[in-house]
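Add chain R to chain E, keeping to what the hints say.
So the sequences go chain by chain: E and R. In this text, residue positions in the first sequence follow numbering that gives the first Met the number 0: the first is 0, and each later residue adds one. In this text, residue positions in the second sequence follow numbering that gives the first Met the number 0: the first is 0, and each later residue adds one.
None of these hints come from the bench; they were simulated from the model. All C-beta atoms in this analysis are idealised placements derived from N, C-alpha and C, irrespective of residue type, glycine included. Be careful, since some hints might not be right.
Residues of chain E placed beyond 12 Å of chain R at every Cβ, according to the derived structure [unchecked claim]:
(1) Val79
(2) Leu166
(3) Lys167
(4) Ile251
(5) Glu349
(6) Thr377
As a list, the in silico DSS-like pairs of lysine-lysine whose alpha-carbon atoms are at most 30 Å apart [said to hold, decoys possible]:
(7) E/Lys69 <-> E/Lys167
(8) R/Lys385 <-> R/Lys162
(9) E/Lys162 <-> R/Lys167
(10) E/Lys314 <-> E/Lys260
(11) R/Lys52 <-> E/Lys69
(12) R/Lys52 <-> E/Lys162
(13) R/Lys260 <-> R/Lys167
(14) R/Lys260 <-> E/Lys130
With the C-beta cut set under 8 Å, the calculated list includes, among others, these residues of chain E facing chain R [said to hold, decoys possible]:
(15) Arg50
(16) Ala105
(17) Pro108
(18) Arg111
(19) Thr136
(20) Thr138
(21) Tyr141
(22) Ile145
(23) Gly159
(24) Glu161
(25) Asn324
Protein chains: 2
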Amino acid sequence: MKRLAIITRFFLCLLLLTFSIVKAQPPRGPLVVSPEVHQDKKITFRYQAPRAKEVKLSAQFEKAPVSMTKDSTGLWSVTVGPVKPDSYPYSFQVDGITVMDPANVAYFPNERFKASMVDVPGEEPLVFAMKNVPHGTVTYEYYPSIQETTGSLVVYTPPGYEKNPSLKYPVFYLISGTTDTEETFFKVGRVNLILDNLIAEGKANPMIVVMPYGNPLARIAEQTGKPKPAYVMVRDGEDAIKRAQLFEGDLIHQVIPYIDKNYRTLTDRNNRAIGGFSRGGGQTLRAGFNNMDTFAWICSFSAGLSPAEMESNYKHIGADAKKTNEQLRLLWISVGTDDFLYQGNVAFMEYLKSKNVKYKSLLTDGGHTWMNVKTYVTETVQIVFKN
Amino acid sequence: MKRLAIITRFFLCLLLLTFSIVKAQPPRGPLVVSPEVHQDKKITFRYQAPRAKEVKLSAQFEKAPVSMTKDSTGLWSVTVGPVKPDSYPYSFQVDGITVMDPANVAYFPNERFKASMVDVPGEEPLVFAMKNVPHGTVTYEYYPSIQETTGSLVVYTPPGYEKNPSLKYPVFYLISGTTDTEETFFKVGRVNLILDNLIAEGKANPMIVVMPYGNPLARIAEQTGKPKPAYVMVRDGEDAIKRAQLFEGDLIHQVIPYIDKNYRTLTDRNNRAIGGFSRGGGQTLRAGFNNMDTFAWICSFSAGLSPAEMESNYKHIGADAKKTNEQLRLLWISVGTDDFLYQGNVAFMEYLKSKNVKYKSLLTDGGHTWMNVKTYVTETVQIVFKN
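Bound-form chain E, shown alone (with noise of 0.2 Å):
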């Protein structure tokens, strides 16, 4: 009788202690199961929202935002698919509103939209997916930055490199899309995983891959509390490439030689790789066609630049061919047919082809994506420092 006493009072206990984190933290609201991905990869979304007026599901699967129906809880549903296997973000419309998925805690790190991230397996696992290979980890470091700040990037290491202090490694610098952070290759890109599951098969070499943040004068405004200029915000035009120069900048004397000194690398251009996404990608051609003593290895990711900027700023590339091709172990250009960039970058490689540039391209379906830029990683880190 005493013990039941005890267990009754505990449970009770435990009970204000549910309620009470209830009110203590930030609303919770009811348990919600989302997103639920069935066998036959259809996919139940879930969003509690008893006073919306109208839910609609934005997935980087469907064409359109999808609209959700609303139960007498006011929980508000939508099954879709079959979906093709792979990992997709998605976000909910609530009143026109963008939200991530509350109750999914996989998240697309961005500054300006907020989106949630679905996997769809494989009926064989993805190159992306969690196997159960050797795995490399990723690091978070922050390192002196110019304009005495402090910057933040994130390295991921090859399974073995703690265990074979002797062993040195190439390095793939990656850098992400507009808005995007440091951390989206890592969490959106799977590029850890890639790598984990393409070493495991003896596909791709063990190398560093280093992903900084691309927008170092967004971080020095934030640091140094002056009022950020206008070209912190803007994403083209002449300020960004005034951005895209100080980011160059920031690569090239203050990354690398932190890396090189805090991380066991090979330092010669023949071990130093480029590829980025998007602003990244542009970032990386810029760079890239600037430094070509310190990359062997570029590639743009849905990127590409415009004959004209070729002209007034990379003349060099075509002008002297013979030896940009001798340089370049690799000039990479990927982008999908449905990408809104797909015509610039036809007309970046006729550029190139016109002024015999050697280039490897890859033309995949699908648009402007984190999907595609899983498979051009895929691709080229199988390429990359390799004879």
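For chain R alone, coordinates are given in the frame of chain E:
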């Protein structure tokens, strides 16, 4: 003239790029600056939601949600404060729906709610501020977990770890709260910066900090595709104890051996501490009391065990207080006087006192918050691993 044409075409192309990105990515809306922390420590929050009827700010420095007002463009805003320097979780309540601030990349990793983070700097830099001191690194690891799943954890190594390959370090295991993830002590608790700063001042010994995920059962369900048992979801009661036991098994038999194998650790009990917040604090006390041969330092942050549970499960702690006091270099109990667990902590301390079990306590202002957790971490890392 030709140059002008090239430039014009270039900018047109960039304009198109801007427009198209907006279409291809999740909707971004207009550029909003939020939060804006002013010199006088007031903060302006902004949220773009033309169709919303009511938007409120829910911030942990406010006792209740604060109404925001809408301008003619649909931009909601409010200026609050001055706010006491600290780092706070906040979110917007948009027609009753809790959302993160889309203009802010600093987020609170949690499985159930979405919140952003805002920093109000102090006149003197706070203990978790980014200072110009040597920085350690934070590494995301996968490890072989129970039931043939792959677990994830986050590891802080102190400045100089890589450069001193002959040095071995003590390890502090930190277990986060209910529905927090293995990222929360890093992203919200700022454990890495607290240690960087205190180590630089000579106030804390260099140490490794290991931050595991607190709910392996949820991960097992996720990875094995089995239906989740009910006790994945519940926070309390008998099933919560089952979950705590599973966590303890994973910690003792999987996490610690993995860390000792892959990091240069000191492996005796005097060089192992464990601490945790909320649910993680309960798991800490249970795992600590059950494994006194493993941990000599046990820290409860806003947690506590009931006298009833102490009597039924950890009787040995009070029954042989002399042994307990000899073994435990530190039993730390901290809680805010506004915490809903305050009375529970008083009862816990009364119980220990009645049994002559020694402990150190810190009662602070405030409630069940990560602001308090940062304070408790700051205090305890200056005590552990010292004579």
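Okay, the hints, checked on the actual structure:
1. Val79: holds (16 Å)
2. Leu166: holds (14 Å)
3. Lys167: Given a closest Cβ separation of 14 Å, the condition holds.
4. Ile251: holds (21 Å)
5. Glu349: holds (15 Å)
6. Thr377: holds (19 Å)
7. E/Lys69 <-> E/Lys167: violated (57 Å)
8. R/Lys385 <-> R/Lys162: With a Cα-Cα distance of about 23 Å, the restraint between R/Lys385 and R/Lys162 holds, given a limit of 30 Å.
9. E/Lys162 <-> R/Lys167: holds (16 Å)
10. E/Lys314 <-> E/Lys260: violated (33 Å)
11. R/Lys52 <-> E/Lys69: holds (19 Å)
12. R/Lys52 <-> E/Lys162: Violated - the C-alpha atoms of E/Lys162 and R/Lys52 are around 58 Å apart, more than 30 Å.
13. R/Lys260 <-> R/Lys167: Measuring from Cα to Cα gives roughly 12 Å; hence the hint holds.
14. R/Lys260 <-> E/Lys130: holds (21 Å)
15. Arg50: Holds - the Cβ of E/Arg50 comes within 8 Å of chain R, reaching about 5 Å at its closest.
16. Ala105: Violated: closest Cβ of chain R sits about 10 Å from E/Ala105, beyond 8 Å.
17. Pro108: holds (7 Å)
18. Arg111: At 5 Å from the nearest chain R Cβ, E/Arg111 passes the 8 Å test, so the hint holds.
19. Thr136: holds (5 Å)
20. Thr138: Result: holds, 4 Å to nearest chain R Cβ.
21. Tyr141: holds (4 Å)
22. Ile145: violated (14 Å)
23. Gly159: violated (11 Å)
24. Glu161: Holds, because the Cβ-Cβ distance from E/Glu161 to chain R comes to roughly 6 Å (cut-off 8 Å).
25. Asn324: At about 26 Å, which exceeds the 8 Å cut-off, the nearest Cβ of chain R leaves the hint on E/Asn324 violated.
When held up to the earlier numbered hints, the structure conflicts with 7, 10, 12, 16, 22, 23 and 25 and fits the remainder.
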